[in-house]
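Visitor: Protein sequence lines, in the order shown, are assigned to chains A and B. Each residue of the first sequence is one higher than the last, beginning at 1 in the numbering used here. Each residue of the second sequence is one higher than the last, beginning at 1 in the numbering used here.
Treat the hints with care, since some could be wrong.
Repeated chains share a single entry, so a pair holds when one copy, or any two copies, can fit it.
[What the hints assert, rightly or not] The calculated lysine to any residue pairs, modelled on SDA-like cross-linking and capped at a C-alpha distance of 20 Å, are:
id : residue 1 : residue 2
1  : K125      : I84
2  : K260      : Q271
3  : K333      : Y7
4  : K231      : G74
5  : K327      : D9
6  : K55       : P328
7  : K181      : L494
8  : K333      : E262
9  : K125      : P431
10 : K396      : Q361
11 : K55       : Q409
12 : K231      : G18
13 : K275      : I264
14 : K55       : G74
15 : K298      : G115
16 : K238      : K260
17 : K367      : D8
18 : K367      : R348
19 : K298      : S156
20 : K333      : D9
21 : K125      : L76
22 : K388      : P11
23 : K367      : R482
No wet-lab data here; the hints were simulated from the structure.
2 protein chains.
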Amino acid sequence: MTKQFNYDDLPVIQTKQGKIRGYQSGGTYIFKGIVYARAKRFQKPEEPECWDGIKEAASYGYVSPMLQEDVPNGELMVPHRYWIQNENCQNLNIWTQSLDKMAMRPVLVWFHGGGFSMGSSIEQKAYNGENMSKYGDVVVVTVNHRLNILGYLDLSQYGEKYADSANAGQEDLIAALKWIKENIKEFGGNPQNVTIFGQSGGGMKVSGLMQMKEADGLFQKGIIMSGVPDKSYKYSDKDSTPLITALLEELNFTEDEVEKLEDIPYAQLAQAYNKVSPKLEAEGEYVGCTPKPNDFYKGEGPDVGFRKEATKIPLMIGSVFGEFYMKPQTFFKDEISKEELMKRIGDRFGDWGEELSDVFQEVYPEKNLADLLTLDTVFRCPTKKFIKEFAKSGGKIYSYLFTLEFPYQHGKTAWHCSDIPFVFHNTELVPVTNIPEISDKLEKQMFDAVIHFAETGDPNHLGIPQWPVSTEDREATMIFDRVCTVRFNFDDSLLELYKKALPNLTLANITQEDNQIQH
Amino acid sequence: MTKQFNYDDLPVIQTKQGKIRGYQSGGTYIFKGIVYARAKRFQKPEEPECWDGIKEAASYGYVSPMLQEDVPNGELMVPHRYWIQNENCQNLNIWTQSLDKMAMRPVLVWFHGGGFSMGSSIEQKAYNGENMSKYGDVVVVTVNHRLNILGYLDLSQYGEKYADSANAGQEDLIAALKWIKENIKEFGGNPQNVTIFGQSGGGMKVSGLMQMKEADGLFQKGIIMSGVPDKSYKYSDKDSTPLITALLEELNFTEDEVEKLEDIPYAQLAQAYNKVSPKLEAEGEYVGCTPKPNDFYKGEGPDVGFRKEATKIPLMIGSVFGEFYMKPQTFFKDEISKEELMKRIGDRFGDWGEELSDVFQEVYPEKNLADLLTLDTVFRCPTKKFIKEFAKSGGKIYSYLFTLEFPYQHGKTAWHCSDIPFVFHNTELVPVTNIPEISDKLEKQMFDAVIHFAETGDPNHLGIPQWPVSTEDREATMIFDRVCTVRFNFDDSLLELYKKALPNLTLANITQEDNQIQH
Numbered sequence: 001m002t003k004q005f006n007y008d009d010l011p012v013i014q015t016k017q018g019k020i021r022g023y024q025s026g027g028t029y030i031f032k033g034i035v036y037a038r039a040k041r042f043q044k045p046e047e048p049e050c051w052d053g054i055k056e057a058a059s060y061g062y063v064s065p066m067l068q069e070d071v072p073n074g075e076l077m078v079p080h081r082y083w084i085q086n087e088n089c090q091n092l093n094i095w096t097q098s099l100d101k102m103a104m105r106p107v108l109v110w111f112h113g114g115g116f117s118m119g120s121s122i123e124q125k126a127y128n129g130e131n132m133s134k135y136g137d138v139v140v141v142t143v144n145h146r147l148n149i150l151g152y153l154d155l156s157q158y159g160e161k162y163a164d165s166a167n168a169g170q171e172d173l174i175a176a177l178k179w180i181k182e183n184i185k186e187f188g189g190n191p192q193n194v195t196i197f198g199q200s201g202g203g204m205k206v207s208g209l210m211q212m213k214e215a216d217g218l219f220q221k222g223i224i225m226s227g228v229p230d231k232s233y234k235y236s237d238k239d240s241t242p243l244i245t246a247l248l249e250e251l252n253f254t255e256d257e258v259e260k261l262e263d264i265p266y267a268q269l270a271q272a273y274n275k276v277s278p279k280l281e282a283e284g285e286y287v288g289c290t291p292k293p294n295d296f297y298k299g300e301g302p303d304v305g306f307r308k309e310a311t312k313i314p315l316m317i318g319s320v321f322g323e324f325y326m327k328p329q330t331f332f333k334d335e336i337s338k339e340e341l342m343k344r345i346g347d348r349f350g351d352w353g354e355e356l357s358d359v360f361q362e363v364y365p366e367k368n369l370a371d372l373l374t375l376d377t378v379f380r381c382p383t384k385k386f387i388k389e390f391a392k393s394g395g396k397i398y399s400y401l402f403t404l405e406f407p408y409q410h411g412k413t414a415w416h417c418s419d420i421p422f423v424f425h426n427t428e429l430v431p432v433t434n435i436p437e438i439s440d441k442l443e444k445q446m447f448d449a450v451i452h453f454a455e456t457g458d459p460n461h462l463g464i465p466q467w468p469v470s471t472e473d474r475e476a477t478m479i480f481d482r483v484c485t486v487r488f489n490f491d492d493s494l495l496e497l498y499k500k501a502l503p504n505l506t507l508a509n510i511t512q513e514d515n516q517i518q519h
Numbered sequence: 001m002t003k004q005f006n007y008d009d010l011p012v013i014q015t016k017q018g019k020i021r022g023y024q025s026g027g028t029y030i031f032k033g034i035v036y037a038r039a040k041r042f043q044k045p046e047e048p049e050c051w052d053g054i055k056e057a058a059s060y061g062y063v064s065p066m067l068q069e070d071v072p073n074g075e076l077m078v079p080h081r082y083w084i085q086n087e088n089c090q091n092l093n094i095w096t097q098s099l100d101k102m103a104m105r106p107v108l109v110w111f112h113g114g115g116f117s118m119g120s121s122i123e124q125k126a127y128n129g130e131n132m133s134k135y136g137d138v139v140v141v142t143v144n145h146r147l148n149i150l151g152y153l154d155l156s157q158y159g160e161k162y163a164d165s166a167n168a169g170q171e172d173l174i175a176a177l178k179w180i181k182e183n184i185k186e187f188g189g190n191p192q193n194v195t196i197f198g199q200s201g202g203g204m205k206v207s208g209l210m211q212m213k214e215a216d217g218l219f220q221k222g223i224i225m226s227g228v229p230d231k232s233y234k235y236s237d238k239d240s241t242p243l244i245t246a247l248l249e250e251l252n253f254t255e256d257e258v259e260k261l262e263d264i265p266y267a268q269l270a271q272a273y274n275k276v277s278p279k280l281e282a283e284g285e286y287v288g289c290t291p292k293p294n295d296f297y298k299g300e301g302p303d304v305g306f307r308k309e310a311t312k313i314p315l316m317i318g319s320v321f322g323e324f325y326m327k328p329q330t331f332f333k334d335e336i337s338k339e340e341l342m343k344r345i346g347d348r349f350g351d352w353g354e355e356l357s358d359v360f361q362e363v364y365p366e367k368n369l370a371d372l373l374t375l376d377t378v379f380r381c382p383t384k385k386f387i388k389e390f391a392k393s394g395g396k397i398y399s400y401l402f403t404l405e406f407p408y409q410h411g412k413t414a415w416h417c418s419d420i421p422f423v424f425h426n427t428e429l430v431p432v433t434n435i436p437e438i439s440d441k442l443e444k445q446m447f448d449a450v451i452h453f454a455e456t457g458d459p460n461h462l463g464i465p466q467w468p469v470s471t472e473d474r475e476a477t478m479i480f481d482r483v484c485t486v487r488f489n490f491d492d493s494l495l496e497l498y499k500k501a502l503p504n505l506t507l508a509n510i511t512q513e514d515n516q517i518q519h
């Protein structure tokens with residue numbers, strides 16, 4: 001017997017629309033699947049209908065339908081939770097320590113990753129908010145919203161009701177933040193102290209909302225984890241006509257029958273989209289599935305400039321050492337000879353191999369030279385650019401890099417998502433991240449930084465070295481590792497050299513690259 | 001830090017087709033998503049292809065596609081896990097304490113519930129095999145297989161290759177058992193001591209395999225939990241022509257184009273089936289989705305007689321007190337007045353109410369009279385009939401009834417699936433079943449009975465009263481509750497009276513019934 005919940009005295013909360021009944025786990029109150037909005041397909045979300053009586057809020061709600069099914073693998077590195085897919089997916093989950101309206105605890109709102117096309121609020125085991133709420137005494141909210149063509153398909157030229165269709169997924173997030181603003185006091189949260197945070201696509205959702213006027217005032221801070229893509233990740237503002245025309249044609253609808261797209265089963269819509277979009281994508285046309293710069297959304301800050309309101313949002317931002325180099329390597333670094341390693345480095349980086357190796361060892365004296373082969377640049381470089389531009393615009397921004405090596409495959413560098421369990425205080429849920437003598441300490445350091453940041457806008461706490469904000473010319477990077485240190489512009493030379501060696505490496509082609517050098 | 005796995009030294013096992021790499025959790029070796037067969041749609045499963053190198057076996061495999069999506073609710077009572085759906089779903093998961101070929105531990109193979117149409121090997125959190133393997137020192141296997149029209153759609157009259165289509169899902173289970181017989185020694189299991197067990201539809205899969213010649217010798221014992229439906233649950237042996245004709249018509253295929261059913265996307269096939277089947281079902285026609293008695297499958301024992309080989313399989317069989325009365329009651333039994341309760345009983349049972357109340361209190365002196373309103377009969381009565389017939393045929397059978405009341409909704413009687421965490425030693429994973437001072441003891445009693453039964457064919461152990469086999473005329477029922485007792489034909493009178501009061505109550509209409517008396 002580990003713990004017992006009181007199931008006969010379940011917490012009931014009055015929301016604006018009606019009462020909901022959650023449950024309690026230890027000292028944490030939990031509410032799941034709360035509907036924050038409803039929406040017709042491609043249309044702007046509206047407030048949910050009111051109800052009488054008490055709705056159950058102990059089960060996770062629907063997650064957005066997706067265009068493709070995942071292939072189950074890599075569960076040791078990133079354990080997943082899948083859930084039931086349905087278009088009525090505007091719902092959120094809450095973990096809190098108090099139901100006192102006066103508690104006014106900081107609110108952390110998690111936007112999940114998976115680009116803008118996949119994932120869910122519960123896709124990864126590490127997204128569970130119970131520990132974060134408990135150890136941080138904060139209110140944690142995780143959000144589901146419309147994804148892929150349901151959330152990001154520009155139909156605006158086909159009617160006023162589709163005005164927001166290009167960014168409907170973002171509109172859902174805004175609706176969630178409005179719901180939070182109106183209701184979170186009842187859950188012990190402070191509606192004036194909301195931090196939005198997310199990883200990968202979730203980070204892009206954070207930066208995206210900063211550039212949407214409609215979201216102003218709905219959050220006060222942001223954390224962007226491995227969430228700044230390079231320009232190969234297209235936020236296309238091109239005309240959507242070619243895509244919609246092809247879609248209608250594939251479905252045997254006329255140009256006048258766009259409304260039929262609202263009613264056909266999602267599976268059919270997805271099938272048609274999957275058939276027509278690759279060709280258009282190859283031609284550089286608009287294919288949806290990412291936010292589209294328009295009247296509602298200015299475009300990403302580093303590209304088009306940050307909105308003045310955006311620069312008022314303090315940010316924590318960073319990435320991890322290895323990111324998309326997730327597949328098993330063809331060798332183990334503790335077994336390979338120096339000669340063989342240098343050959344592999346040469347194979348990859350050509351004439352630049354030796355110089356890169358030297359600089360890598362200067363920049364990362366504690367790392368194995370083999371780690372050069374899994375060094376991420378496609379997140380790190382755009383992140384650095386983001387930091388520079390945001391600081392230049394007067395924004396307050398804290399930079400980090402997560403460089404922990406894991407005892408997996410003889411010492412794997414930190415992969416995409418491997419930092420999430422630390423941020424959520426959930427390394428106990430993801431065993432591979434739970435390294436004896438190491439993880440507990442680092443988890444506390446990272447977690448406390450996040451909580452302090454959510455409370456005050458400053459991540460500094462006594463458990464880490466002094467972490468200054470970054471300026472336009474001086475990036476002050478907190479290195480999260482077995483020993484945490486702050487370093488200044490520490491990898492500029494390395495990244496510049498890397499770019500010379502592999503000028504064409506982008507987020508868009510990293511996966512193929514990855515397949516070439518590893519298996 | 002709770003536990004650390006050794007991820008740098010992962011266990012690799014040689015199976016007949018190739019090597020697989022699992023992982024270790026504490027002392028338990030875990031292998032997930034092992035493909036035991038492959039099959040073309042509607043066709044007999046074949047051995048998987050061989051491979052070189054090492055396949056990862058640390059991620060759960062695909063689960064069968066389903067006709068309808070679930071609606072998320074009731075997670076406190078039955079917490080779920082969903083997974084990725086794909087027709088290539090013939091895979092299994094293994095938990096074991098030893099990789100010594102000489103260990104020869106008993107093997108327990110779990111067939112999941114959800115009728116023959118839904119669910120998966122990991123659908124419920126309680127299906128996790130780690131604790132069962134650890135606390136019982138046994139090898140646990142859980143199995144995915146084809147469901148609904150993929151597993152049970154009779155196309156046999158359309159070609160020899162479809163000969164097994166009516167029971168393809170069962171053929172998958174047989175293929176899994178063959179794989180186990182050939183490979184389980186490598187996982188420390190005894191291929192000559194295999195117990196198949198399942199709940200609800202999973203129990204029906206156990207009894208079904210007993211009636212299939214092809215499964216003879218592949219298992220030695222069986223456990224059927226809440227898995228004997230009454231005759232309203234149709235295993236139709238009617239001609240499938242009306243269904244297939246309607247299906248072809250709906251899809252605009254001719255009678256000659258049955259093969260096209262093999263190639264269209266499942267979503268399309270499911271949509272057509274969902275459209276045409278309700279009318280045929282209402283007319284009493286064959287609609288698939290359950291095993292069909294034919295040359296391969298004799299039909300259920302209580303209906304058509306047990307095969308001689310079936311009667312050689314020792315069985316444990318039972319059900320739970322409340323089964324499908326799962327919804328919240330409109331009153332709390334600790335708050336309702338005697339008068340109001342008698343009125344409700346009268347509303348439900350008419351003139352029989354008073355006599356039923358008296359008999360109920362004689363039979364269940366420890367229970368609240370209000371529990372009469374949630375007493376299951378639609379599983380209990382057919383289970384009693386099964387026991388009688390099996391004993392009469394010379395079979396060795398142990399009867400149980402799980403009557404635990406849970407501290408939920410002011411004392412909820414045991415619902416369908418509430419016993420599973422006890423059998424798997426997983427009450428710690430399902431908090432509502434984890435009652436202080438109660439669950440640990442009962443869990444050990446039930447779990448040890450299951451393990452002893454798997455080891456020896458006899459569930460008796462020192463922690464429970466002597467549990468005799470049942471005979472044709474004397475059902476010896478182990479009552480699993482706060483105090484375990486053995487009772488003889490203890491509820492015959494009650495059930496007879498109940499049947500007089502509600503002669504038309506069946507499994508098929510219990511849900512409507514349920515909706516009438518509760519909400």
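Visitor: A separate judgement is required for each hint: does it hold in the structure or not?
Guide: Okay, the hints, checked on the actual structure:
no. : hint        : result
1   : K125 / I84  : both (16 Å within a copy, 15 Å between copies)
2   : K260 / Q271 : both (15 Å within a copy, 18 Å between copies)
3   : K333 / Y7   : between (52 Å within a copy, 15 Å between copies)
4   : K231 / G74  : neither (28 Å within a copy, 45 Å between copies)
5   : K327 / D9   : between (48 Å within a copy, 17 Å between copies)
6   : K55 / P328  : between (46 Å within a copy, 12 Å between copies)
7   : K181 / L494 : neither (44 Å within a copy, 56 Å between copies)
8   : K333 / E262 : neither (53 Å within a copy, 48 Å between copies)
9   : K125 / P431 : both (11 Å within a copy, 18 Å between copies)
10  : K396 / Q361 : neither (31 Å within a copy, 72 Å between copies)
11  : K55 / Q409  : between (47 Å within a copy, 15 Å between copies)
12  : K231 / G18  : neither (44 Å within a copy, 43 Å between copies)
13  : K275 / I264 : both (16 Å within a copy, 15 Å between copies)
14  : K55 / G74   : between (37 Å within a copy, 12 Å between copies)
15  : K298 / G115 : within (19 Å within a copy, 52 Å between copies)
16  : K238 / K260 : neither (23 Å within a copy, 40 Å between copies)
17  : K367 / D8   : between (54 Å within a copy, 18 Å between copies)
18  : K367 / R348 : within (19 Å within a copy, 74 Å between copies)
19  : K298 / S156 : within (16 Å within a copy, 61 Å between copies)
20  : K333 / D9   : between (55 Å within a copy, 15 Å between copies)
21  : K125 / L76  : both (11 Å within a copy, 18 Å between copies)
22  : K388 / P11  : neither (46 Å within a copy, 47 Å between copies)
23  : K367 / R482 : within (12 Å within a copy, 58 Å between copies)
Consistency with the previously given hints fails for numbers 4, 7, 8, 10, 12, 16 and 22, ordered from lowest to highest.
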